[in-house]
Structure formats: C-alpha cells, structure tokens
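A.B. asks: The primary structure of each chain is shown beneath.
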Amino acid sequence: MSNREINVENLMKQYPGGVTAVNDVSFRVNSGEIFGFLGPNGAGKSTTIKILTTLALPSSGIATVGGYDVVHEADLVRRIAGVALQDIGLDPLMKPMELLSIQAQLFGASRQQAKARAQELVELVRLTEAVDRRVGTYSGGMRRRLDLAMALVHKPAILFLDEPTTGLDPASRRDVWEEVRRLNKELGMTIFLTTQYLEEADELADRIAIIDKGKIAKKGSPAQLKAGVGKESINLAFDTRDMAEKACDQLSDMAERIQTDRDMVRLYMSQAAQTIPAVVNRLQAANLNPISLTLTQPTLDDVFLQVTGQRLTTEEDREKVKVG
Amino acid sequence: MTTQVSVQNTFVMRPKTHDKANLPLQIWLATWRSLTTIFRTPVALFPPLAISIFFLVIYESTLGGAAAFIPNLSGNSYLGFILPLSIVSSSLSGAGIAAQNMVRDIESGYFDKLLLTPISRAALLLGPIFAGALILGIQASIVIGVALLMGLESATGIGGLLLVVGLAILLGTGFAGFTVSAALGSGSAAATQGASFIFFPLTFLTASFVPLELLDGWLKTAATFNPITYVLEAMRATLNSGWDSTLIWQAVGACLLLGGAMFALAIYSLRVRTRRS
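First to last, the protein sequences are chains V and H.
Residue numbers for the first sequence follow my numbering, so the first one is 1 and each next one is one higher.
Residue numbers for the second sequence follow my numbering, so the first one is 1 and each next one is one higher.
Okay, chain V solo, but in the shape it has when bound (with noise of 0.2 Å):
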C-alpha cells in the first residue's frame, strides 16, 4: 500500500509586501481519512491547498503529499494527487468522453484505456445522459460532477476538493457526499477537503482542521471539537445589540461560558433545559424579553464561532445547506 498521508510541517506563506498568508501551520492527514479544512474568506485555506497541490510554492516549511516533497517532486505529487479546485476548469467547448479522455492519456493511459476509464467515470457521476453534450452546457452542478471526475481519472490516492459542492443544489450536494464517503470507504483514498459548509465538514469528516488569520486554530474530530465548545447551549435574540449585552450581564453568573454576537446571547452549560425557567425569570425581572429563545446541542458552527470570533455562514446558508 502506497503513502496516503499528508505531513505539513511549519508551513509558512509570505507575499511580497509582508502579507503573512500561512503562518506556521502543521497538520498531519492520516492514511484514508477525511480532513476538513476550514476557515473564513482569507484564513489561509486557499493558499495552502495551493501549496499542497503543487501551484504555489511555500517561503518555508515542509509539505509532503504522499511521502513527496510539494516543492521538490510536484511532479510525483501530482501524479499521485487528484485535485478538483472551487473554480472548475473545464473546456466549455469539449465533450465530457474526450476531456476525461485525454486526461488519462496524459497520465499514461492508453487509448483505449482512456476511453474505458472516461467511460466508467462518466457513469460514476451520472452524466451519461449528457455524454453528448458540449460541457458548455452544463449546469453548475453538472459541471461540478464532471470536474470531480477529472480528478479521479488517474486513481489518486490522496484527493483534494476545495469547496466541492459550493453552488450546488441539496440533490447534487448531497450525490457528492455520497460519492467522497464511496470514495473513502471503498477505494481507501486519503481526502483533503474545505468547505464553506459546517455541517459538509460534520457529515464527512474524520478529523477537522480550522485556520484562522493564517494559523491553526483548532484541530480534532468533530465530536471532540464539539464537546471542548459545551454540551449544550441556550440562545437568545433580542431586538437589539444593546439589549444583548444588558442581558449578557444579567446572565453571566449563570452560564459556564457566555457570549454575545451581535443581537444574539449564547450560554453555555451543563444542564441548559432545565436552567431556561430561572434565565427567562431573571431577564423578566430585568425587564429583558427576548424575541426568541432556543435549546441546541453545539454544533461546528459553535465550535467555529468560538475559535475564529465569527461565523462562517449565514442562516440563509445554514438553511440551503439542509438536505434530504
């Protein structure tokens, strides 16, 4: 069995005029894992999964992909790496048979082998009934599908997907889940993944890594990230920022941990169902009447918010994200 891993080891990125965009990161991506990557807009995803598939070169650190140096075997790496980027690159005026086509050939397929394995591919991601088509017009999702099965044209052991199913809809978000779990389990292929999603990252991942202002900021499996944030939470919406703080410290005492963002007040505890009549008895008492209160179990989103000081998506995304 070949090397699945990927070892980053004090990663550093500098762009010229001093802008840090990887500071010191190390992670280590076992052999068949899922490894969620996340981080808001400008943490540091982008570049270091350009460093790790061969596009960008780091200013110090090391970076092995498979047991191959980033910098010094970006050839190898890449012949081992499939790798679907959030901006999917595709001839629009080619056919989906001849771009997986000449994607085996050049990883050394033959002819026919090529068209074999576009073939099986073409089928894996369900666009045999467009297989006719000019990629040119494809839906978002379609095109999504088929750039997904570029990368896997060579077999890779490890894949990378940025931002897999961002534009997608739930169909075609949840065919990519079931098509990367598939993946994973049966083919045993190592996959680094970063997604927008939370709930993506919670589905699929094994272990999760969240980058924020260019360093790791927490690393472990989703439960273990969830259960360092508390078990659960009570939440509270007011009609303004003001009446969120006042209510922020009226409750203090009664919380493990409190926090406010924006309008909403969020206590952490042990035991918050049966806490919630002595919280809305003190914010009646203070003349505090929330617009609405909640009960959640913590979620990534949680665990999120706690490392980074904000939310990587909105409700309006948390809503389109639901499938099924």
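Since the hints were made in silico from the structure, they are not lab data.
Since we're looking at a predicted model, the values are computed, not measured.
Glycine included, C-beta positions come from ideal geometry on N, C-alpha and C.
Keep in mind that the hints are not guaranteed to be accurate.
[Claimed, not checked] Computed spacing ranges between beta-carbons, pair by pair: (1) V:Glu123 <-> H:Trp243: 58 to 68 Å; (2) V:Ala116 <-> H:Gly145: 40 to 50 Å; (3) V:Glu9 <-> H:Leu23: 33 to 43 Å; (4) V:Ala116 <-> H:Arg40: 20 to 30 Å.
[Claimed, not checked] Derived coverage of chain H by chain V (criterion: at least 3 residues anywhere in the stretch with Cβ under 8 Å from a Cβ of chain V; other residues may be distant): (5) 20 to 28; (6) 34 to 48; (7) 97 to 111; (8) 117 to 131.
With chain V fixed as given, assemble chain H onto it according to the hints.
C.D. replies: Just chain H, lined up with the frame of chain V:
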C-alpha cells in the same frame, strides 16, 4: 501502535515512469484538442479568409491592368504578384488562432487544470500553435484555390504552390509565437486580439503593390528589414518566374529568425505564467 504508524510512513510506492504520456503524445493530444475546438467554432475562421479573398479580388481587379506599365513586372501576371500579399495577410490572421485558443483555456481555467497533470510546458505551447499552423495552411490553400479559379498559372507548378503554402505556414507560425506570448502574458481575449493586429502594418511597410526595386527612401529601408519582404519576393518569383533558391533560402531564413525571436518570447511568457510563486 506507534510502530505500525512508522512502518506505514516509511513505505512509499513511487509512481511508475509510464504514469505519464511521452512528449510526442502530449503534443498530439494538445494539438488534437485545439483542432477540435477550432472546428467547433468555424464562424471564427471565415472573416480572415473572406478578407484575404476580398483583397485578392479587389487588388487584381483594380491594379491587374496596370501590371503592363509597372517596371520589372511587365509580362508577368499581376495575380501571381499580388496573391502572396493576400496569403501573407491570411498568415497574420491565422497567427491569432493559436493565441485565441490559448487565451480561451486561460479564461476557462482549463489551462490551470492542465498544470495539475504531468503535461510538459512544451506541449502546452506547441499544441495550439501546431493546430493554428494547420488551419493557416488550409486557409492559404483556399486562397490559392481562388487565385487558380481567377486564372493564376504557377511558373513552378504544384511544387511552387506547395512552397507558397509552406512559407505561409512558416511565417504565420512565427507570428503565432508573438500572439501566444500576448495571450500568456495578458490572459485576456481583448489584449490578445489587439496584439494580433500589431503586425498588420508590416504588410504595408514592404513591397506590397510594386516590386522592391521601385521603392525609395525610408520605405525601402523599412522593407529591407521587414521579414515579410523576403517571403513576398520568394513567393512572387516562385509563382511568376521559376525556382530561385537564393530568394527561397532568404525567405526561410527570415521566417526562422522571426520565429526564433517570437518563440523565445513565447517560452519566456509561458515560464512566467506557469512559474510557481
């Protein structure tokens, strides 16, 4: 447990050497794809071809009768004299085909996708250029076909016509080096389109409508340094007088010099675009 992990870490299966197409196959695949996309947008091929044929017909109709009065041209066919200018114009238009293909790949992101495969930089450059050269040869042949219908008689027969097509391809490929480097440098269709026109003045800074000997002053100096002059001279002699090895080698030499300089520029632009930073 720890021991197991370290064993896994040290075992690396190196990709096999045949996990990558050889260079000729890479170039063929890149060329074939470029040709496929060119033929899927045939409408882009018609305007330059139509303009070349239009100028051929107009020049012959308006100036054809004057051939008898132009010194050094008397007794020769004006069609054989003016056809090379039309073919050179078509070569210049054809030079834009490779660049348009390249810039389309850059804009669609397919160029970056290819960089994630083991494709060599040479194949990335030569694929569209070879495809453009083939199209350019077809266009030059069509223009010659029209001239034959108009009564052209080649003094050197089919061989001479093939030489004219060959020179057109050589010249156009040299210009393609420049337009492709503009595509790689700018990554913009509009900038590439603009760069394709930069050589058009060269078709006038030469012995466009009268033999070189009749030019004078700065225009003659410009024509002497213009590679197109030597291509026109060789094509005209081949069509009107017969084989002239000196003129032919001068034309080939001018094309190779131009092509060498333009390809050096294209290779530099490719390196800049594909350089990891």
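A.B. asks: Does each hint fit the structure? Answer for all of them.
C.D. replies: We went through each hint and held it up to the structure:
1. V:Glu123 <-> H:Trp243: 58 to 68 Å: This hint holds: roughly 59 Å between Cβ atoms.
2. V:Ala116 <-> H:Gly145: 40 to 50 Å: Once the Cβ atoms are compared, 42 Å apart, the range 40 to 50 Å for Gly145 of chain H and Ala116 of chain V holds.
3. V:Glu9 <-> H:Leu23: 33 to 43 Å: holds (35 Å)
4. V:Ala116 <-> H:Arg40: 20 to 30 Å: holds (25 Å)
5. 20 to 28: Holds, because 4 residues of the region 20 to 28 of chain H bring their Cβ atoms closer than 8 Å to Cβ atoms of chain V.
6. 34 to 48: Held - the region 34 to 48 of chain H has 4 residues with a Cβ nearer than 8 Å to chain V, which meets the minimum of three.
7. 97 to 111: holds (count 6)
8. 117 to 131: holds (count 3)
Of the numbered hints stated above, none is contradicted by the structure.
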